[in-house]
Structure formats: structure tokens, C-alpha cells
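A.B. asks: So the protein sequences, as listed, match chains A and B.
Under the working numbering, the first residue of the first sequence carries the number 142, and numbering increases by one thereafter.
Under the working numbering, the first residue of the second sequence carries the number 11, and numbering increases by one thereafter.
Be aware that a few hints might be false.
To be verified - Result set (BS3-like, lysine-lysine): computed pairs, CA atoms no more than 27 Å apart in a straight line: (1) B/Lys108 with A/Lys497; (2) B/Lys108 with A/Lys433; (3) A/Lys489 with A/Lys477; (4) A/Lys433 with A/Lys497; (5) A/Lys422 with A/Lys477; (6) A/Lys489 with B/Lys108; (7) A/Lys494 with A/Lys472; (8) A/Lys477 with A/Lys424; (9) A/Lys489 with A/Lys399; (10) B/Lys17 with B/Lys54; (11) A/Lys399 with A/Lys445; (12) B/Lys17 with A/Lys161; (13) B/Lys58 with A/Lys489; (14) A/Lys494 with A/Lys445; (15) A/Lys424 with A/Lys494; (16) A/Lys424 with A/Lys399; (17) A/Lys445 with A/Lys422; (18) B/Lys54 with A/Lys433.
None of these hints come from the bench; they were simulated from the model.
Model, not experiment: these values are computed from the prediction.
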Amino acid sequence: MNDTLQTTVLHRLHVSLGAKMVPFAGYDMPVQYPAGIMEEHLHTRAQASVFDVSHMGQALLHGDDAAAALETLVPGEIQGLAPGRTRYTIFTNDGGGILDDLMVTNMGDHLFLVVNAACKDADFAHLDARIGGRTKLDILDDRALFALQGPKAADVLSRLNSDAATMPFMSSLEMELDGAPTLVTRSGYTGEDGFEISVRAEQADALVRRVLAEPEAAPAGLGARDTLRLEAGLCLYGSDIDETTTPIEAGLIWTISKRRRAEGGFPGASVIQEQIENGVKRKRVGILPDGKAPARAHTEVADKDGNIIGEVSSGGFGPTVGGPIAIGYVKTEFIKADTPVDLMVRGKPNPGKVVKMPFAEHHYFKG
Amino acid sequence: MSMKYSKEHEWVLIEGDSATVGITNYAQEQLGDVVFVEVPDAGKAVDKGDEVAVVESVKAASEIYAPISGEVSEGNATLEDAPATINSNAEGDGWIFKMSIGDASELDELMDAAAYADHVAGLE
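Please take these sequences and the hints and turn them into a complete structure.
C.D. replies: This is how it looks when you write it as C-alpha cells:
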């Protein structure tokens with residue numbers, strides 16, 4: 142192991158389960174367990190899987206006007222977020238690009254934030270620099286985070302605390318699980334029903350082992366996490382969205398409420414408002430290759446006359462789809478479903494078509 | 011008939027003046043679930059080191075290089091519908107292509123089973 146890598150509190154558990162560890166965002170993380178990515182993926186869609194996401198950044202944002210302050214950095218509706226509710230939003234830059242995507246939960250008298258591992262230092266510095274005067278940021282580096290995802294996730298978690306069963310999608314609840322105080326959010330990154338569970342670092346190992354002892358639960362690594370989110374059509378920061386893509390190009394306009402579209406007041410608002418008004422030159426779409434060859438990130442997308450019209454931002458094999466799938470940006474005149482395109486894989490045009498996402502149906506719990 | 015190995019984790023089964031090429035069991039374990047294999051067409055002339063096939067796992071695409079020079083006589087068409095044969099039987103039914111041996115002296119640069127085992131041990 143590279144000694145410059147950090148580890149999560151669940152590292153020993155991963156190794157004992159036979160995980161293949163790889164460097165990811167500065168952490169030594171499990172890419173897969175002995176079952177392999179394919180089986181871990183299919184298990185998640187059929188049963189329930191446990192993912193360690195402790196490398197992600199967790200923080201509390203305190204302050205009387207924390208919601209209004211955060212709205213100066215994100216285009217999401219935070220002031221209108223009810224207590225106990227969670228929302229997906231993005232940090233924008235002055236050009237309307239995306240600095241990171243994050244989850245925000247209204248905890249009543251403060252906000253709970255979860256940000257990407259690779260961006261967390263920059264995000265926290267950004268929060269401090271821009272709204273540090275109005276808010277107090279409490280970085281929770283003493284907490285682990287793990288996800289329990291799949292159609293059996295609610296059955297499994299309800300055995301530890303029956304309150305979990307009735308939580309609606311994108312809600313949060315503080316609850317005791319196996320004696321440990323936790324913050325549970327009904328959300329995830331797989332397209333399945335499931336939970337993300339924040340727990341004190343010293344209680345994480347025992348709690349995760351307790352969850353894994355349930356017959357439906359099995360560990361899954363970052364490999365399956367990526368194929369699951371790809372099938373669900375969810376953006377991967379750094380691939381599908383970054384500082385050069387705007388939320389309008391990325392198809393994330395749904396994250397910007399009517400009030401925020403009208404009022405602006407977030408970085409890049411003028412660019413984003415102009416794009417909402419007049420449209421964009423390129424958009425993020427799903428692309429389904431006809432054959433079996435995967436089209437991976439940076440594969441060029443061409444029209445049927447051979448003109449390059451875009452690029453794959455992430456792509457690979459979808460185990461539930463049973464074939465290759467891709468997400469990419471194409472010129473706006475080609476975004477209609479069923480538009481035929483060619484994917485330039487190893488210099489040869491592989492036919493495919495633009496499709497509506499997700500590739501695998503979402504199964505969120507709506508109560 | 012003898013089995014040789016390349017540093018790039020290919021096995022080469024030598025039978026008279028022809029060779030069958032695949033990837034080793036170690037290589038398939040490293041790749042994980044194989045989901046697509048592009049095999050070469052018969053008649054393709056290759057020099058040692060040329061990119062001749064592609065094996066794609068869920069994670070990534072890996073190029074397969076010709077371990078010796080010669081002419082491809084057959085690609086394993088069964089891998090098109092059953093790429094996971096490489097996982098289940100990398101050093102048997104999961105063969106990728108057969109080729110002629112253009113220059114027998116190149117075989118001397120390949121490793122025998124013991125040398126390959128040492129090579130793999132050195133990577134772990």
C-alpha cells in the first residue's frame with residue numbers, strides 16, 4: 142500500500158473480507174470483493190449491498206441564516222427545504238460551471254452536508270472563504286459514512302430500528318442502530334431504494350458488521366458503485382460534470398427551483414439564467430451502443446456523416462442492462478431519443494443511438 | 011507441444027509451426043469480469059508487439075499484443091457471445107487467437123512456466 146494514502150475506519154474490515162484495494166481520491170478503497178463487480182452489482186439490484194463511502198466529506202453548517210448563506214453558493218432551494226428533508230444540489234463557479242455536487246439536509250437548527258471525497262478540501266475552503274463570516278462550518282472527520290442499497294435495504298435496516306421502514310426518499314432521521322447513534326438518510330447512488338448512514342468512526346466497524354450479518358446484505362465496492370450509478374444515469378463528478386459543464390448542459394435544471402431561477406444570487410447565475418432562457422449548444426444524454434463493445438470516457442461521438450458531435454463522459458458495461466451503456470455530451474440538435482450516432486471506438490465507428498436515461502429503472506421509496 | 015508465457019501475461023501454446031494465444035489465469039483475475047473481446051480476423055499479419063486483440067472487463071479495456079510475429083489463422087469466435095469464458099477457463103477454452111510462427115527464434119524470448127511464476131510472484 143502506498144503510504145501517502147489515507148484509509149477509512151472500515152479498512153481492516155475490507156481487507157478481512159478479501160477486497161481488492163485501489164487508490165481513490167487519496168484513499169485506499171475497495172474496488173471489489175471476491176464476488177466481483179458483476180455479482181456485487183446484480184446483488185444490489187436484487188437484495189442489499191453495503192458500500193463504504195467514509196472517504197466523502199461530511200460537515201455541519203451552523204448559523205441563523207445558514208440556508209440563505211449556502212444559497213449564495215448553490216442554485217438549489219435550501220431555504221425552502223423542510224426540516225428532516227434532504228436535497229441534491231451543486232456548487233457553481235462564476236462561469237456557471239460545477240465545482241462539486243452535494244447533498245444538503247435540513248437538521249432543524251443547522252444543515253448537514255455530504256460532498257465528494259476528491260473535492261472536500263476545496264469545498265470546505267470555499268464555504269469558509271465565501272460564507273465563513275455568516276456561518277460556522279463543523280467538519281465531521283470523526284464520522285464514517287456507509288450506504289445500504291437495494292430492494293431489501295429497508296427490510297434489513299428495519300430489523301435494527303423499525304423507524305427506518307417508513308422514511309420517505311430524500312428524508313433524514315437521527316436514530317439508534319445497534320446501540321450507536323446515527324444519522325440515516327434515505328438516499329443513495331444506485332437508483333435503488335436505500336440509506337446512507339453516518340455514524341461515529343469508533344462505532345462504524347461494529348455497526349457495518351452487524352448489518353452485513355443480515356442474510357440479504359453483502360459488501361460491494363467502488364466498481365459496482367460506478368456501474369450502478371451509470372445505469373441509474375447519475376452524474377459522476379469529474380467525469381459527467383465539472384467546472385466546464387453547466388447544470389443546464391448537464392440536465393440538472395430540475396435542481397434549480399422556480400424562485401432561484403428568477404432571483405439568481407448564486408455564482409454564475411447570469412450564465413445559467415441566460416442558458417435557461419436561450420438554450421445550450423450541447424447537452425448530456427444517454428447513449429446505447431448497438432453492439433457489445435463498451436464506449437468508455439472520452440470516446441468521440443459522431444453523426445452518421447462522420448462529423449464529431451460530442452464525447453462520452455462516462456461509459457462501460459451495465460450488468461443489469463446486459464450490455465454497454467454510456468453517458469455523454471452531444472450537440473443539442475442530436476439529443477432527441479433514437480437519434481442514430483456512431484461511437485468512435487479504437488478508430489472504428491460503432492453504431493448506437495441516443496436514449497432517455499436511466500438505463501435501469503429507479504426504484505426509490507416514495508412512502 | 012510446449013507452453014510459454016509473455017511478460018504481458020499471455021500464454022502461447024506451441025504446436026509444430028503454429029501457436030495458440032490467450033491470457034493467463036493471473037491476468038483474468040486482475041481484469042475481473044470480462045464483458046467483451048475483440049478477436050483478430052484470420053489472415054491478419056502481425057509483428058511481435060502489435061496490438062492484436064482487446065479484452066474488456068467491467069472496469070477497463072486491455073490491449074492484447076502479439077507475443078511473436080506471424081499470421082493470424084483464427085480468432086476465437088465463441089468469445090463474442092461468451093466473453094466470460096476468459097474468466098472461467100483462461101488457459102483453455104478462453105483462447106483468443108491462433109497464429110503461425112513467423113520467426114521461431116522469438117519463442118526463446120518467452121518464459122517457461124517456472125519463470126512466469128517467478129515473474130508473477132515479483133508483482134505481488
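A.B. asks: Take the hints in turn and mark each one as holding or not.
C.D. replies: Right, here's what the structure says about each hint:
This hinted pair does not check out: B/Lys108 and A/Lys497 have alpha carbons roughly 42 Å apart, beyond 27 Å. Of the pairs offered as hints, the one joining B/Lys108 and A/Lys433 holds, with about 23 Å between alpha carbons and a cut-off of 27 Å not exceeded. A C-alpha spacing of about 24 Å is found between A/Lys489 and A/Lys477, which places the hinted pair at or below 27 Å, so the restraint holds. With a C-alpha separation of about 19 Å, the suggested pairing of A/Lys433 with A/Lys497 holds against the 27 Å cut-off.
The suggested pairing of A/Lys422 with A/Lys477 holds, with an alpha-carbon distance near 14 Å, which does not exceed 27 Å. Restraint check for A/Lys489 and B/Lys108: satisfied, since their Cα atoms lie roughly 24 Å apart, inside the 27 Å limit. For the suggested pair A/Lys494 and A/Lys472, the alpha carbons sit about 14 Å apart, so the restraint of at most 27 Å is met. Using a Cα cut-off of 27 Å, the hinted pair A/Lys477 and A/Lys424 holds, with the two alpha carbons roughly 10 Å apart.
Annotation: proposed proximity of A/Lys489 to A/Lys399 is violated, straight-line Cα distance about 44 Å (limit 27 Å). About 23 Å separates the Cα atoms of B/Lys17 and B/Lys54, which keeps this hinted pair within 27 Å; it holds. For a cut-off of 27 Å, the pair hint linking A/Lys399 to A/Lys445 is broken: about 38 Å separates their Cα positions. This hinted pair checks out: B/Lys17 and A/Lys161 have alpha carbons roughly 22 Å apart, not beyond 27 Å.
The suggested pairing of B/Lys58 with A/Lys489 holds, with an alpha-carbon distance near 23 Å, which does not exceed 27 Å. For the hint pairing A/Lys494 with A/Lys445, the CA-to-CA distance comes to about 11 Å; that is within 27 Å, so the pair holds. At most 27 Å may separate the alpha-carbon atoms for a hinted pair to count; A/Lys424 and A/Lys494 meet this at roughly 15 Å. The suggested pairing of A/Lys424 with A/Lys399 holds, with an alpha-carbon distance near 21 Å, which does not exceed 27 Å.
With a C-alpha separation of about 19 Å, the suggested pair A/Lys445 and A/Lys422 falls inside the 27 Å cut-off, and the hint holds. Taking the CA atoms of B/Lys54 and A/Lys433, the gap is near 22 Å; set against the 27 Å cutoff, the hint holds.
Comparing the model with each earlier hint shows violations of hints 1, 9 and 11; every other hint is respected.
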